[in-house]
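Peer 1: Protein sequences appear in the order of chains A and H. This note's numbering numbers the first residue of the first sequence as 252 and each following residue consecutively. This note's numbering numbers the first residue of the second sequence as 73 and each following residue consecutively.
Treat the hints with caution; some may be incorrect.
Simulated pairs of lysine-lysine, BS3-like, Cα-Cα distance not exceeding 27 Å [as the list claims (entries may be wrong)]:
no.	chain 1	residue 1	chain 2	residue 2
1	A	K716	A	K807
2	A	K466	H	K74
3	A	K825	A	K798
4	A	K716	A	K631
5	H	K74	A	K470
6	A	K466	H	K154
7	A	K825	A	K712
8	A	K466	A	K487
9	A	K504	A	K487
Estimated spans, in silico, between C-beta atoms of each pair [to be verified]:
no.	chain 1	residue 1	chain 2	residue 2	range
10	H	G148	A	N727	53 to 59 Å
11	A	E813	H	M81	57 to 63 Å
12	A	V467	H	P147	30 to 36 Å
13	A	K297	H	C161	51 to 57 Å
14	A	K790	H	D176	52 to 58 Å
15	A	S463	H	C161	24 to 30 Å
16	H	P147	A	R400	41 to 47 Å
17	A	E306	H	Q136	58 to 64 Å
18	H	Y181	A	E306	42 to 48 Å
19	H	P139	A	K470	47 to 53 Å
20	A	V467	H	Q136	39 to 45 Å
Please keep in mind that the hints were generated in silico from the structure rather than gathered at the bench. The structure presented is a predicted model; accordingly, all values stated were derived computationally and were not measured. We treat Cβ as the ideally placed atom computed from N, Cα and C, and that holds for glycine.
In case you want the letters, here they are:
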Amino acid sequence: MINQDTFRILHVNLDEGKSRAVEFGDPKLCLGGSGLTAEIFQHYGKPDLPWDDPEQPLIFAIGPLTGFFPLMSKVVMAFKSPYHNEFAESHAGGRMALAMRFTGYDAFVITGRAKKLSCLLVGSRKIEVLDAYYLAGMESSATAKHIRRMVQRHRGRRSIIRIGPAAENGVAYGSINVDTYRHFGRLGGGTAMAAKNLKAIVTVGDGNLDLSDTKVYAKAYDKIYNLVTKTETMKKYHDLGTPENILVLNELKSLPWRNLQATTDPDVEGITGERFAEELLLRKTACSGCPVGCIHIGLLRERFAAQHEFLYRQVNYDYEPIFADGSMLGMVDAWGVLLLLEEIEGLGMDVMSAGVALAWATEAFEKGLITEKETLTPLKFGDPLAYQIALRHLSNRTNDFYRELGKGVTAAAQVYGGADFGCVLGQEMAGYATGEVFYVSQAYGFRHSHLDSGGYAFDQKHVEKDVQAAVDFMVNEETRRLELTSMVSCLFARSVYTPEIIQEALESLGYGGIAQNLSSSARRIQAKRWRIKFDTGYKPENIKIPKRFLEVETWKGKTDPEYLSRITDAYIQKTLELSQADGGATPTTIEVT
Amino acid sequence: MKILRASRMERCIGCYSCSLACARLVHRSLSWERAGIRIRSAGGLTSGYEAQVCIACNPAPCAQACPTDAFRLRPGGGVRVKLETCIRCGACAAACPFEAIYMDEDNSYPNVCIHCGRCVPYCPHECLETVDAPAVIHD
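Take the sequences, apply the hints, and build the full model.
Peer 2: Structure follows, in structure tokens:
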């Protein structure tokens with residue numbers, strides 16, 4: 252950021268092969284990250300055109316605290332989604348956030364479509380569009396190896412994000428792999444990138460920022476660093492990591508098993524965070540700028556021939572992937588889960604949507620709605636080798652069935668039946684069968700993500716059925732999270748970065764104007780995002796919570812349809828009101844710099 | 073005198089807290105390059121990390137190569153840097169056998185570890201330490 256009066260963004264036009272650095276927006280109103288991407292989409296986006304129109308922007312943004320403080324390590328990506336053709340947002344860590352900071356740009360906006368499959372390279376003093384047609388169809392890790400050879404300089408200072416064959420083939424939930432172990436996963440960001448004919452983006456963080464007065468900043472940094480590393484606040488993330496929740500949610504009868512036919516299973520021991528840590532954890536790694544190191548890497552050892560011939564791979568695991576490609580698929584063996592995660596990684600699909608889609612397909616297969624003619628391999632809960640084959644068909648879109656499944660479970664169920672047991676809440680579900688508030692928070696939430704408002708936390712803490720309290724929780728939690736995702740913080744640090752700590756951090760950098768506006772601007776951004784979502788075609792009446800969620804039994808008992816319906820109506824009404832409260836574009840002109 | 077050693081890089085998680093601390097506290101910058109210690113992957117993130125940092129050669133090839141004595145041998149190894157006399161020729165960086173000297177692309181000055189140890193407390197996994205310089209054995 253040049254100062255707190257404007258952002259500096261890079262607009263890359265792939266049609267022309269030209270780029271412009273422009274001053275854009277008011278940080279005091281947009282904040283950065285989520286707020287900046289919404290403002291950029293409002294300016295560059297085409298709400299009425301389809302997601303794959305070349306004019307649609309692909310947007311990546313960081314925030315005012317990126318790189319300055321621990322865990323300010325995420326990038327916000329915004330795009331029109333191939334999954335539902337609406338405005339969408341996805342977040343990823345890795346090395347990209349710091350690399351962007353050191354390019355000197357607060358955001359990249361990419362419009363147009365490259366004539367050939369290409370790789371975009373951005374540094375502080377360079378912008379190149381490199382031919383990458385020879386990487387067509389290549390899996391994610393192999394793509395990264397080739398890109399590293401293409402761009403040999405700047406080791407340790409570059410970020411490489413890339414797509415795999417699933418996105419190139421048009422799977423609606425094609426993902427972007429960020430620096431091997433992180434992802435822009437949900438809602439098809441990879442497929443939106445494929446529509447630009449972009450196989451990869453290399454961000455070279457080769458610039459430096461001079462700091463005039465470091466005394467106040469260094470003091471604020473030390474305070475936050477000590478909160479992160481010398482208290483118990485972040486312990487759960489770097490100890491067992493998020494997989495710690497597998498056992499907890501299984502005991503709470505909230506872990507989806509076998510396409511949510513059950514919420515607990517005695518065989519959970521095979522896939523707990525403890526089992527992964529004891530038997531398969533190889534090491535941990537971190538996003539750049541984060542001393543926590545929550546990225547857990549498992550060792551996948553495979554025998555490929557007789558006479559003890561082995562190969563090994565390093566596979567990242569977390570709670571959500573273990574749910575979606577573990578319990579949801581009836582897997583009770585950690586090794587099998589890693590095998591599927593590695594397969595999905597190479598193909599480049601959202602790990603949750605892919606797993607939940609195959610879970611639905613397995614139940615549909617068992618019920619006879621589809622046969623081996625469609626699935627091309629007999630699907631069976633708990634069979635990793637069958638799922639490995641099915642994943643390749645899903646990515647390749649081998650036949651009509653996999654083409655439909657590649658659009659999502661709802662699309663496939665419209666053709667083959669089985670909508671009642673499709674575990675879809677706006678998109679394929681996240682791993683929380685916790686109750687009514689979570690179902691509503693994902694189904695009707697802005698990103699259809701468990702991270703929008705963390706509705707599962709309300710379910711877990713409240714037995715009383717208070718509709719107003721539930722809706723207030725979702726709305727207020729979304730506002731609070733927008734303060735974080737506009738900086739751009741990792742949401743794991745939400746207990747560290749209270750509004751007061753964020754303001755102290757901003758003030759230590761001389762961003763007092765942004766600090767003063769933090770909460771009012773977050774509310775403004777919330778309204779703007781909802782308005783853009785409605786403008787791009789969101790119709791809450793089109794979203795139905797499938798019957799399967801009414802059959803679920805959690806620690807609180809069966810889902811209460813009446814309570815579910817009342818929360819749904821009240822929350823939809825609230826999001827409509829939010830969207831109508833948006834005042835439009837910020838009054839800031841754009842100037843070429 | 074003490075010297076910095078990246079003794080336990082097998083533990084490194086690639087958080088860059090050390091580089092950022094050096095940039096912030098020594099070079100008054102936000103940077104992961106304008107720092108005496110820089111972290112890079114050993115060839116993709118699956119292969120772990122290595123530190124590019126001065127190993128305190130004694131005598132130091134960079135000091136011997138410096139035509140203006142801007143780099144002078146520090147007691148115990150490594151160098152003392154006097155930027156006022158540096159002519160930004162880059163001879164020091166060229167002489168370093170370990171690519172431990174970074175020539176700043178903005179101002180062309182060399183950046184090298186001064187073995188102050190201010191990065192050490194920021195490593196969450198104790199990869200770094202300051203140790204007594206080994207005794208030099210002369211023939």
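Peer 1: Are the hints correct? Go through all of them and say.
Peer 2: To see whether the hints hold, each was checked on the structure:
no., hint, verdict
1, K716/A - K807/A, "holds, 11 Å"
2, K466/A - K74/H, "holds, 26 Å"
3, K825/A - K798/A, "holds, 24 Å"
4, K716/A - K631/A, "violated, 38 Å"
5, K74/H - K470/A, "holds, 26 Å"
6, K466/A - K154/H, "holds, 23 Å"
7, K825/A - K712/A, "holds, 22 Å"
8, K466/A - K487/A, "violated, 32 Å"
9, K504/A - K487/A, "holds, 21 Å"
10, G148/H - N727/A: 53 to 59 Å, "holds, 58 Å"
11, E813/A - M81/H: 57 to 63 Å, "holds, 59 Å"
12, V467/A - P147/H: 30 to 36 Å, "holds, 35 Å"
13, K297/A - C161/H: 51 to 57 Å, "holds, 53 Å"
14, K790/A - D176/H: 52 to 58 Å, "holds, 54 Å"
15, S463/A - C161/H: 24 to 30 Å, "holds, 28 Å"
16, P147/H - R400/A: 41 to 47 Å, "holds, 44 Å"
17, E306/A - Q136/H: 58 to 64 Å, "holds, 60 Å"
18, Y181/H - E306/A: 42 to 48 Å, "holds, 45 Å"
19, P139/H - K470/A: 47 to 53 Å, "violated, 40 Å"
20, V467/A - Q136/H: 39 to 45 Å, "holds, 41 Å"
Hints 4, 8 and 19 from the earlier list are contradicted by this structure; the remaining hints agree with it.
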